[in-house]
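First to last, the protein sequences are chains A and B. Just so we're aligned, residue 665 is where the first sequence starts under our numbering, counting upward by one. Just so we're aligned, residue 8 is where the second sequence starts under our numbering, counting upward by one.
Hints in this document: simulated from the structure, not taken from any laboratory.
Some chain A residues judged to face chain B by a derived CB distance under 8 Å, without partners named:
(1) Pro707
(2) Leu709
(3) Gly767
Just so you know, these numbers come straight off a predicted model, no measurement behind them. All C-beta atoms, glycine included, are put in the ideal place defined by N, C-alpha and C.
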Amino acid sequence: TQLLEQSPQFLSIQEGENLTVYCNSSSVFSSLQWYRQEPGEGPVLLVTVVTGGEVKKLKRLTFQFGDARKDSSLHITAAQPGDTGLYLCAGDNNAGNMLTFGGGTRLMVKP
Amino acid sequence: EAGVAQSPRYKIIEKRQSVAFWCNPISGHATLYWYQQILGQGPKLLIQFQNNGVVDDSQLPKDRFSAERLKGVDSTLKIQPAKLEDSAVYLCASSLFQGAGNNSPLHFGNGTRLTVT
Chain A
665 TQLLEQSPQF LSIQEGENLT VYCNSSSVFS SLQWYRQEPG EGPVLLVTVV TGGEVKKLKR
725 LTFQFGDARK DSSLHITAAQ PGDTGLYLCA GDNNAGNMLT FGGGTRLMVK P
Chain B
8 EAGVAQSPRY KIIEKRQSVA FWCNPISGHA TLYWYQQILG QGPKLLIQFQ NNGVVDDSQL
68 PKDRFSAERL KGVDSTLKIQ PAKLEDSAVY LCASSLFQGA GNNSPLHFGN GTRLTVT
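Same shape as in the complex, but just chain A (with noise of 0.2 Å):
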């Protein structure tokens, strides 16, 4: 089984703060997606990176896939209260769509 770790598990911080979520694994991936799960409610899918080094934006959410296509990281620009909620990071190794989930950070943003 193929585990991802992400950090931290939860944040807390006001509103206008930046703030960096981190996914890690031992394991390569073929591609990595974000989630971002609200209460009550499935996942969503933000965006997926596939090669190495990748960097995505998504207005003040940049994503980055580590070079080795093992890690990848979420930045959070200038924080908003309406960006609360569960964010999930899932890697595909591309196997039969075996895609393993991380145990979530779950953000909370202050107004």
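On the provided structure of chain A, position chain B as indicated by the hints.
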């Protein structure tokens, strides 16, 4: 397009009882997944179907869990008998085809929250 539909939204049962969850994927999506998400954790894959065939059920506790997708469209997941540790949210997801890369992202339903007392 309509999203992934799941029912019921909530279910409370006593241990040793049985329960069934239903999922209707997005129309045309060949691949269907059932995930278990225990409070405070990320989702764990239970079973994956490609049309009406099982692709992976290695993490499904087969002594008490079963799932089917007989006509390759909607699916049911059953637990019999339930244990306290089965309390979790059961998420169904679908994708256009196998391979979770850029071309075939997963779309999740809102889940069924199961409480076993």
